[in-house]
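Since chain A is already given, all that's left is putting chain B on it; use the hints.
Top line first, the protein sequences correspond to chains A and B. Residue numbers for the first sequence follow the working numbering, so the first one is 1 and each next one is one higher. Residue numbers for the second sequence follow the working numbering, so the first one is 1 and each next one is one higher.
Simulated from the structure, these hints should not be mistaken for laboratory data. The beta carbon of each residue, even a glycine, is placed where N, CA and C say it ideally should be. Each hint should be verified, as a subset may be incorrect.
What the hints assert, rightly or not - Coverage of chain B stretches by chain A, computed from C-beta distances (three or more under 8 Å per stretch; other residues unrestricted): (1) 15-21; (2) 48-57; (3) 69-78.
There are 2 protein chains.
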Amino acid sequence: MEIAIPLFDRFTALDAVGPYQVLSGLPGARVRFLAAEGGPVQSDNRMLTMVAEGRWEDSPQPEVLVVPGGPGTRDLLGDERLLAWVRSVHETSRYTTSVCTGSLVLGAAGILDGVDATTHWMEMDLLRSLGAAPASERVVERGKVITAAGVSAGIDMALRLAELIAGPVVAQALQLAIEYDPQPPFDSGSPEKAPREVVDLVRAW
Amino acid sequence: MEIAIPLFDRFTALDAVGPYQVLSGLPGARVRFLAAEGGPVQSDNRMLTMVAEGRWEDSPQPEVLVVPGGPGTRDLLGDERLLAWVRSVHETSRYTTSVCTGSLVLGAAGILDGVDATTHWMEMDLLRSLGAAPASERVVERGKVITAAGVSAGIDMALRLAELIAGPVVAQALQLAIEYDPQPPFDSGSPEKAPREVVDLVRAW
Chain A
1 MEIAIPLFDR FTALDAVGPY QVLSGLPGAR VRFLAAEGGP VQSDNRMLTM
51 VAEGRWEDSP QPEVLVVPGG PGTRDLLGDE RLLAWVRSVH ETSRYTTSVC
101 TGSLVLGAAG ILDGVDATTH WMEMDLLRSL GAAPASERVV ERGKVITAAG
151 VSAGIDMALR LAELIAGPVV AQALQLAIEY DPQPPFDSGS PEKAPREVVD
201 LVRAW
Chain B
1 MEIAIPLFDR FTALDAVGPY QVLSGLPGAR VRFLAAEGGP VQSDNRMLTM
51 VAEGRWEDSP QPEVLVVPGG PGTRDLLGDE RLLAWVRSVH ETSRYTTSVC
101 TGSLVLGAAG ILDGVDATTH WMEMDLLRSL GAAPASERVV ERGKVITAAG
151 VSAGIDMALR LAELIAGPVV AQALQLAIEY DPQPPFDSGS PEKAPREVVD
201 LVRAW
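So that you can see chain A by itself, here it is in the shape it has in the complex (with noise of 0.2 Å):
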């Protein structure tokens, strides 16, 4: 089962990292991270750098896509090359998934008209402006289309993929392998439950 992470420009690493981490682990999956040229590719804000194996194209029909977002993703919503290998992907995927404002470049791919979706909370608007119908689940699941929050929401979403890849017990599994108990200092994790000074402080950043 090949799993095809897209790279490019000022991805968030953890959007990325995330549903890697979990989906690697699936008994006969191959991650592989592609970029529009193989070879280093820098995160947001460029103090990490990993490496993509090949060209996006080099995976014609992965079995999972899986979008990280970032702010680079703006400058993907018009990049027709990467668009147009979205789309193919999408024909014949079995999961098409985005993780944060990856699924903006689902959305500029024409592949959420009407479809509910989430993205960071911040950019639900822009997600709307696309096509999509924003959704306030954690993780939008609309037949083979699987969306994610922000950031984070890739790891809870990758389990979930993977219980419907390989059944509950492999699943489990995978969440025990990574440690997965998730024990925040804080009860901040969504603007709902931040305290307003909290949430102004995000969006002054």
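What follows is chain B alone, placed relative to chain A:
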């Protein structure tokens, strides 16, 4: 504030990228990925490659050290060059931390002698053999030495670190920025909670 994350052959990517994603958002923070030699470093399953910007010793006095884990840590427990750097960093660090089996490296460096610490749930005996007192908390904070349990626990640890460094408002904002409102599909993230067959499956892997 410099935050050093040493990489090594067969590291577990989420161990490094989880804390990076949180800590790189701290105002004024610079996360540096370092390795034996600068350049590409492969993860445990060979499906992900990150680039180290330089050698471990290129960061002689980082304020924060985060040692990730992975199967590659076994080869590090006798790596005197790495252990000497870790010891030296620890002398002046504000926080010396680890994720997953990264604590084995701290142990081998002599930093955990008689100190409560944690690691991946499958490696508690090895941690004990390296001088530490294994503790069952997800994030074990003992003075400036903070160790996290397996893989995903590095995210929880990093948020606590963010609180210690920049206060609770900034830490909550970092949690909100990565939308860390975890909703795993199962409650199988620790061996105490997972069904027996799931624990057995992970042990068999």
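Structure versus earlier hints, numbers of those that do not hold, lowest first:
3
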